[in-house]
Amino acid sequence: EILQVECAASLSPLSNYAVRAVMVYAVLMVAAAMHCCWVLLAHGGDFGGRRHVLISILGTICLVFLITIVNVAVAPFQCMSSPNGLHVVFGYPMVICGESVEHAPMRLL
104 EILQVECAAS
114 LSPLSNYAVR
124 AVMVYAVLMV
134 AAAMHCCWVL
144 LAHGGDFGGR
154 RHVLISILGT
164 ICLVFLITIV
174 NVAVAPFQCM
184 SSPNGLHVVF
194 GYPMVICGES
204 VEHAPMRLL
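Mapped onto my numbering, the consecutive letters of the sequence shown carry residue numbers 104 to 212.
Mixed in with the good hints, there may be bad ones.
Here are the in silico distance ranges between beta carbons for each label pair [as the list claims (entries may be wrong)]:
| no. | residue 1 | residue 2 | range |
| --- | --- | --- | --- |
| 1 | SER184 | PHE150 | 28 to 36 Å |
| 2 | LEU114 | GLN181 | 13 to 21 Å |
| 3 | ASN187 | LEU157 | 47 to 55 Å |
| 4 | ARG154 | PRO196 | 40 to 48 Å |
| 5 | HIS146 | MET183 | 46 to 54 Å |
| 6 | SER159 | MET126 | 15 to 23 Å |
These aren't lab readings, by the way, just hints derived from the structure by calculation. Note that the Cβ used here is the ideal one computed from N, Cα and C, for glycine as well.
Model the full assembly from the supplied sequences, consistent with the hints where possible.
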């Protein structure tokens, strides 16, 4: 919710959902890459001895983003009634639950 992708680019609801779903994995990959660089530079490549630090970092990031991860995971299943009688996805009112072409891929992500 903090990073509004729509400000930078006009995306379809499916693309917007995919970006939000991938964002946490991107943060984890960046943290792992930074850790690898730090271990190479500061600890002479002792990855086995510094593994506990990587696990702690990745675990902390997962805990920080836990609510975001859960919100992204359940978003396609939160359908609400719209005034026109259709059921739409709560966070993506342009996606019709069960009928829209974009709804099925959202459930799979």
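Hints, one by one, checked against the model:
no. : hint                        : result
1   : SER184 x PHE150: 28 to 36 Å : violated, 53 Å
2   : LEU114 x GLN181: 13 to 21 Å : holds, 20 Å
3   : ASN187 x LEU157: 47 to 55 Å : holds, 50 Å
4   : ARG154 x PRO196: 40 to 48 Å : holds, 45 Å
5   : HIS146 x MET183: 46 to 54 Å : holds, 52 Å
6   : SER159 x MET126: 15 to 23 Å : holds, 21 Å
In terms of the numbered hints stated before, the structure departs from hint 1 and from no other.
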